[in-house]
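Using the sequences and the hints given, assemble the complete structure.
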Amino acid sequence: MASLKLEHVKKVYDKNVVAVHDFNLEIADKEFIVFVGPSGCGKSTTLRMIAGLEDISDGTLTIGDRVVNDVEPKDRDIAMVFQNYALYPHITVYENMAFSLRLRKMDNEEVHRRVCQAAEILGITQYLARKPKNLSGGQRQRVAIGRAIVREPQVFLMDEPLSNLDAKLRNQMRAEIILLRKRIDTTFIYVTHDQTEAMTLGDRIVIMKDGYIQQVGTPQEVFETPKNLFVAGFIGSPQMNFLKAKLVRGAGDYTVELYGIRVPLSAEKCAKLAAKGVGSQDVILGVRPEHTHLAFDDADNTIEGVLRVNEMMGSELHLHVDLADGTSVILRIPTLDLTEERRAGLAYGNRLRFAFPEKVVQLFDPKSEESLLF
Amino acid sequence: MAERKIPEVDIIVDEKAGVIKEVGPQRKLRSKKGHERRTNGAIYTVLTVMSIVWLVPFVFLVLQSFRSYKLEKGGMVDYLLPKTFSLDNYAFLFEGSNFFHWCGRAILVGLACAAATVALVCLAGKLFDRQDRGARPARVGILGACLAAGYALLVALTAALQGFAPAERPVAVLVCLMLFLAIGAIIARVYLKQDSKLLRSIPGYVVEDRHEGAKKLAAMFAEFALLAIILQYILIPMTKSQYLLWYTNTLTIALFTAVLQTAIVLSVSYALSRLRFRGRKLIMNAVLVLGLFPGFLTMITLYFLLKQMGLTQSGAVPGLILIYCASSGMGYYISKGFFDTIPKSLDESARIDGATRFQVFMKIIMPLAKPIVIYTILMAFMAPWGDYVFASYVAFGDQQGYNVAVGLYNWVNTNDFQNYFTRFCAGGVLVALPITALFLALQKYYVEGVTGGAVKG
Amino acid sequence: MVDLDYLKMSRPRKLLHDLAGFFARLPGRLGNGLKGLALAVGRCLKGLGLSIADLFTTFRDGDWKTRLSYLVMGSGSMARGQWGRGLLFFLFQTVFNLYMVNFGMAYLGKLNTLGVVETYKEGRKTVYGDNSFLILLYGVLTLFFIAAFIYTWRVNIRQNKVSQQILASGGKLKGTKDNLQSLVDSQFHKTLLALPTLGVFVFTILPIFFMILVAFTNFDYNHQPPAKLFTWVGFENFRTLLSSGSASYGDTFRQVLFWTLVWAFFATFLNYFLGMFVAIMINKKGIRLKKMWRTILVMTIAIPQFVSLLYVSKMFAADGLINTYLMKWHWIAQPIPFWTDPGWARFTIILINIWIGIPYLMLIATGILMNIPADLYESARIDGANALQMYGKITLPYMLFVTGPYLLTSFTGNINNFNVIFLLSQGKPMGLAGNAGHTDLLITWLYRMTVTDTNYKIAAVIGIMVFVVLAVINLVVYNLIPSVKNEEDFQ
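Residue numbers (the numbering used here), protein chains in the order written: chain F, 1 to 374; chain S, 1 to 457; chain D, 1 to 491.
It cannot be assumed that every hint is accurate.
Stated by the list, open to error - The following label-pair restraints were derived from C-beta to C-beta distances:
| hint | chain 1 | residue 1 | chain 2 | residue 2 | range |
| --- | --- | --- | --- | --- | --- |
| 1 | D | Lys-291 | F | Asn-134 | 21 to 31 Å |
| 2 | D | Trp-331 | S | Lys-83 | 21 to 31 Å |
| 3 | D | Arg-25 | F | Gly-260 | 52 to 62 Å |
| 4 | F | Gly-123 | D | Gly-384 | 47 to 57 Å |
| 5 | F | Pro-38 | S | Ser-51 | 56 to 66 Å |
| 6 | F | Ser-237 | D | Gly-175 | 54 to 64 Å |
| 7 | F | Asn-108 | D | Gly-286 | 48 to 58 Å |
| 8 | D | Ala-227 | S | Pro-318 | 24 to 34 Å |
Everything labelled a hint here was simulated from the structure, so no lab data went into it.
Glycine included, each C-beta is placed from N, C-alpha and C at the ideal position.
And the structure:
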């Protein structure tokens, strides 16, 4: 169990390809950190640097209070779960799990105790005598995790451990990882490209893109106050809608104008904008699909659009709507709120109006793509 | 409804005739079947003809090896079947006049040995039980004891050969051992094969099949090694047979080369495939360029280097081992290609689990690379049997240092060809038999190796 | 848009367009290759320069331990407490010095003349003079040793620099035990490669280097040490081998080279297509006894070639079984001159090589055929392709794509295919100048030059020419037909 500190960590490959730029992060003891981002963003590289599988080009990495830049992976006291499980195909599950302990010349009884205990936790006791090829994907994943937990490592690294599983199994394993974390209370670093996993598992989320950290924060923070356009778009599904708008500075307050409607901003937001010294300018207004609602009574301050696609998701509808200038937005409308009659009106080509509360609005600078409200 | 066509099944109902005319799929199917049969017939014909062409020279070889060089001509004749089948050529190889007289008695002794082996191996098989997982050392111990007992018995029986005249003994021993080894080999093969009827009849007998190839190889290797030792230390001092000497030379070279070359090739290919270090690309490119120089270019220099070390002429055996192994690191392509297919995450995982790179090599990669290890051993073992060029150059006319290829080549090309041709045939048959058996037994691994090598370049 | 225009073309036009494009790009590609080479040379020179500059700066910034190491290798390491490493360096330097003083210098000094003192007879006693062979060999060895020494010396200095830096920044140096430990872990490649590299150096690189030098001397049967001296002659031997005029070495070289290429072409492609054909036949659905057919064919791989080829060569001899039986059945009156007529001999060799080569290709093709995704064929069947079209559109492109590099290696291998020629015909029938035969490949000619004729200078030149031919073929294939282009077609 240990804290981790990455200071100015950088990874440069041959030919000057920079995979990770100036990575700074402190990870507290027993924290569950998730690195998330699209493929090629440097999240796996960072994890592999922590594991010692890649050299650190620059900066320092500290585990506990030891600088481990030049320490071999085997001496870092870490365990790692790989995306493709990396189970040793030629030995049994039992020996797979015991492998690291045997290399440490651990007493046979102790090995047995730990392996059985880990197998118990993961519910794979009955498979101990099998070879990995005779296991299903989910079982292999459990063995891979089991192999890591018998070590009782200081830091637990997981590199996209669920991405090879089918959707149903993935949800199940996700829940199990949450439970597992409760049982073995240690530091976790988890890499994924799936924002749902990131949101559900992480104490804090590190969102990365092109080798840069975009934002670090709790799931709630990154969801409610995204730092920039990328984070706003990456977290949440379906993606946040981005609309062109104009920010107008009045006397001591701000208003956003778009598609003929005016949204006066709350005092809190105005204060933030004023503090930044933002004047009247073009902005991008972000609003999440789930924060929109349909307006049926031709109320003021509603935006009109043409319905293109109506996806029935069961408990809600996903409406793809084209606005006057061709921008496409998605609305998430709970079916419970709709009468039969109104639902029938939501057919291809029909016009409809929608609105959103001021509270959920995000504003971004179109040039820097940074949030104006952060 | 004069004529109705049912499109799906293409049946035409002819009302006038009152019958159903079938067309379409059904007939097509039938004609397709006929076509298929004709094609297959043609293929079988071609394959049969090819098989005949492929086998005929070998059949001829064997037939001519039975034509006595004393009774008939030993060179070229205009008939295929010997007038009388005789073993003169073989007897000549072993330089003994009473060869078959000894054989008769020795066979009895050999059979007794073999019977004992069968009993012992079966007993060992019975002790191998899958249920009892932890007892491997015990099992190995029992097997070892069985083998030791078998050999003790053998020694005892050879002692019983005292009845033979002293001059007869060597060949008697040889025949005993050959028999013993042959039957031992068959038993080992049967015993290692999981679904053999004989062994399944023994209650509780099961072998894990993942070790099959390795065990086969180990068994054969042991047999060959034993044969080499026996030839070297028992038979050659006792006979004056040149052929046996050459045979032993080749066998010794092949055994050493197989071990050393495999170690070198695997080391190099592992390093180039799994480890990343400065100069790796340079090494690979250098090997590529060096490989474009014809191998014989360097012959005189090599000869001189070996001569300085005293490893030419009568010392050709260690000299040749050195030549075959020294540069063998350059032949890393195929095994590197195989290593490349083993996922890298296994190495990484093992390293995080606490293994050094050496441990990764021994504990993870080697067990997974078994097919290619066997392939490498097989190739390294087979190559020295066919090498004429270096072998003849290094031996430089000294018969002590010949291998079989040089010796037999000289019989047909420089010596009295008309007298030695059938003896060449006999010698060739005795070389080809064990090599072919080995190759066919390990064919699977050979195929795996060449296919992998060709695909990856 | 260009792509669409191209896709619209008919097949012959496409082919024409491709060819035109290929030749249009050819100079550019060759230029790029040369540019790459020049850049590489430039990088090397730059690296060398930097390395020398580094030597000076290290000396300037170094403490006395580092500076002493410039003179006495390993002294710095020992002074810093790294005894094991320091001793090794020191030992190497001592050995090198002793070698140079006692041995190397003498040979190195004579390398420019390859010896001047003749061997002569004084009454019955022979007084040996210089031995050109030894001078050349040990001279080369000494050069190698010097190179190794300079490299080690450089490593020694770099070690000092690094150690000094580590100590300056308050770090701790690794002990001997740690260094040994690293040999099975982070430095494992050194452990693995040390012995093989040494072997290659002594038994491949040194001899090749030596023989390349021999090509520039007059080392032959008239100049055989120790009785006679040989000396440098410049490009004389190359001129001999490349000379024009009939019945000269040059003429023979061209004829042998031509036959070598013809042979390699047939041996590679004939076997390739026939082997593939056999593999397809055996693997066809509904053919029984697959394993048996395969095993029968594989016999020619299993049986050592010197047995099978020697026997077959005798079968085809004038008084061999084939001729005698044909004559017995009165199909021919005279024996067919399988080995005595140049044309027949070449034909027979290629024919017998099929017998040897098909099984090998059959195995390879079988492995690859199994890997062709079955749905490709199913899809083609639904599209209405017949067997021949499926072969032309799926099997053949797939095979060619997958085995492209193999074909190149195989072609290279056949140019150097000694066994088949030597065991079958020994290059006979003879009759070309320079003691070459009509079925001689460059490699068998080289062999005869070395072993029978002891004409080492020409053998060396032939060896270099083989290298040149192979290098050109390989470079052209690698650079001009990059399979990279189609890398993902079948994946």
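Consistency of the hints with the structure:
For Lys-291/D paired with Asn-134/F, a C-beta distance near 28 Å keeps the hint of 21 to 31 Å intact. For Trp-331/D and Lys-83/S, the Cβ-Cβ distance of about 24 Å falls inside the hinted range of 21 to 31 Å, so the restraint holds. Judged by the Cβ atoms, the range 52 to 62 Å given for Arg-25/D and Gly-260/F holds: they are separated by roughly 58 Å. In this structure, Gly-123/F and Gly-384/D meet the distance hint of 47 to 57 Å, their C-beta atoms being roughly 53 Å apart.
The given range of 56 to 66 Å is respected by Pro-38/F and Ser-51/S, whose C-beta atoms sit roughly 59 Å from each other. Checked against the hint of 54 to 64 Å, the C-beta distance between Ser-237/F and Gly-175/D comes to roughly 56 Å, which is consistent with it. Look at Asn-108/F against Gly-286/D: about 56 Å separates their beta carbons, and that is inside 48 to 58 Å. As the Cβ distance of Ala-227/D to Pro-318/S is approximately 30 Å, the hint placing it in 24 to 34 Å holds.
Figure legend: structure checked against the earlier numbered hints; every hint is met.
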